[in-house]
Amino acid sequence: MKRRTLLAGGGVLLAAATLGGWRLMPGSRQPLLLSARDDADGRHQAVGYRLDGGRAFATPVAERCHDVVPHPHLPLALFVGRRPSRESYLIDTRDGRLLQTLATPADRHFYGHGVFHAGGEWFYGTENDTREPGRGVIGVYRLQAQRLQRVAEHPSHGIGPHQLLWMPDGETLVVANGGIRTEADSREKMNLDAMEPSLVLLHRDGRLLAKERLPEPMNSVRHLAVASDGTVVSGQQYEGGPQDAVPLLAIKRPGQPFRAFPLGETQRRAMNQYTASVAIHNELRLLAVTAPRGNRVLIWSLDSAELRLDAPLADCAGVAAIAEGFVVSSGQSRCRLYDCRRARIETRHLALPAGLWDNHLRLA
Amino acid sequence: MFRTTPLLLVLTGLLLGACTPKEPHLQTSIALSDGVLLPAYGAWTEADRQLAASALAFCAGNEDLQQARQSFLAAQGSWAALQPLLIGPLAGGNLAWQVQFWPDKKNLVARQVESLLQQKPQLTQDDLDQASVVVQGLSAYEYLLFDAGLNLADATQRQRYCPLLIAVGKHQQTLSAEIHQQWQGEAGMAAQLNKFPNSRYAEAKEAVADILRAEVDALDGLKKKLGTPLGRQSKGVPQPLQAEAWRSQATLANLAASLATAERLWLGVKQDGLRSLLGSERDELARRLDQAFGDSRERLAAPQRPLDQLLADKAGRDQLGALYDSLDRLHRLHERELAKALGIQLGFNAHDGD
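Heads up: the protein sequence lines correspond to chains W and D, in order. Counted the way the UniProt record's numbering counts, the first sequence spans residues 1 to 364. Counted the way the UniProt record's numbering counts, the second sequence spans residues 1 to 354.
These aren't lab readings, by the way, just hints derived from the structure by calculation. Any given hint could be a false lead.
[As the list claims (entries may be wrong)] Stretches of chain W that chain D covers, calculated by requiring three or more beta carbons in the stretch to come under 8 angstroms of a beta carbon on chain D:
1) 262-273
2) 294-305
3) 314-323
4) 327-333
5) 349-356
Treat the numbers as computed from the prediction; the structure is a model and nothing was measured. Think of the CB as a built atom: it goes at the ideal place given N, C-alpha and C, for glycine as much as any other residue.
Model the full structure from these sequences, guided by the hints.
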């Protein structure tokens, strides 16, 4: 089989035997998949499922959430409100109990992402200063007795910050400033003719360490993955026309500038100017990206940029690394596991409920 | 004494297999793939083959402008008919922009055609294949044959524009033939709608969901294609030059072609479409969908005037407004009620991500 055919076919499929009856790592404890999800009537939920399909919890929440931030050592996770929500939900991941509905101040709203510091005491989330719409801030929250309290904030040094993650030192934040100005209670983009996306490195005490930009001002830097060696990859969403050929992934290798990740034209075009989630597999040195407008799951070698998988998956959403490879969710289809341990990537259909999975997933 | 032979066992197995009713989603997926999708991709490929031949014949002086326009309208109509069927290789490769560039708010088609020919007066096929999607498709072809500022009946103008006309025709022929090929064969898209699981779909229901989603997207697209010239996105001020296919005055004909395909997905060729998946307890919903299709179809067939004339007076705008509302009802019935009744998630990350 030609390599191209293999890629187009989405790798090797493990057929009937993997449906329903398949179990991940038999005998071992299943990882807990955390995600925002809707029920069939469109009501929002914070859910946790074991990868074999067993439901840990499905907690109704008032507002749609975006990313989920598991606590580093307690059975807690914050389901972060999606722009322009002012609410996030602190959930006990053992039983789904809602411990706290966390609200921003009146003149702030969440952007859907955040991180817990490794010590477990501090949470940092991207927020909008709605008095000065688009001015990005990093809200600083302290966890005490299973409650988060906002204690400070730092500028994100950019407009419309979206995802933020830790660099390997655990003290430096990398922030994707999407560059798009929006007001309170609105998702209307106000500055498409004057966008300022950037990638910022920020010490968690607020000190700006670096700020870099891509050449295309309408290429919104939105999602991030950080490898254990400090390589940062960003996924973009391009706000210009469909006819523009713009790279939608960028990479900052240690000590090097932030620049386009080399993409094949077929994959660039197929992404349809939009990437959703980005994940890195540290042991296998792989990069995975979901492109729901193109309905594609793409995997590359992080070091050589060689394409390893280009597979169709309708409305693909969250992606996270697991020992075997990557787990990918979908708003429409069954969740997939891409086993990347051999040269041929194998696709397995997971026994999780199909569809309605929102943009991001985390494994705890 | 009766002895069971292996042959008898095999025959019995085959008979039983033949008698076992297929799982409904599998049945629908196969019926729509073979009865609606594959034939429509075939028809599009054939129309593009004829388009490429027409461009050559017209430029060689063996066809008149009227005939060339007819070939174009046939190709554009077959593309419009394909709109509810954009699943598989064409959609996955995001290749639709190469076939038609719409919306075109800034008249990029005219500007880029002229600028390309200025830079490349002796345009080759390779030049076009490397050029922007704006000039590779039917929108550029339409500009050449229908724009009021051009007249390709004139020999001098033909000389200037024919290399582009021929190259676009060829580009479309090649593209559609490649896509059609990817639908066929053992690992083709049609096969992936016939046998599950496969590398695209975990089960037949995923395939039906993909088909329904493409249909719902297309119905939403019909609203945009009518709503844009009607001024629904511009404070009610009509925008006739923002319509799809405004130069060839085929906007409404294109809508009708797309709607007809959507209705074929609903009914199926042999009453085996999406409608057949609704149990008898859903008769009422099925009837409402039948009526909604009929209402939109009749309203689309009613106008005796082209879109720009309808937009010019109140009676015409009211007629179009009522058509828009009818399409809106049809779209919502699919999105809200049919999808739910079929237990299908239409997904939201593609449309409503962050």
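Status of the hints after comparison with the structure:
Beta-carbon proximity to chain D at under 8 angstroms applies to 5 residues in the stretch 262-273 of chain W; the threshold of 3 is reached and the given coverage holds. Residues of the stretch 294-305 of chain W lying with their CB closer than 8 angstroms to a CB of chain D number 3, which satisfies the three-residue condition for coverage. Only when three residues or more bring their CB closer than 8 angstroms to a CB of chain D does the claim for the stretch 314-323 of chain W stand; here the count is 4, and the claim holds. Note: the stretch 327-333 of chain W has 4 residues with beta-carbon separation from chain D under 8 angstroms; the three-residue rule is met and the coverage holds.
Note: the stretch 349-356 of chain W has 4 residues with beta-carbon separation from chain D under 8 angstroms; the three-residue rule is met and the coverage holds.
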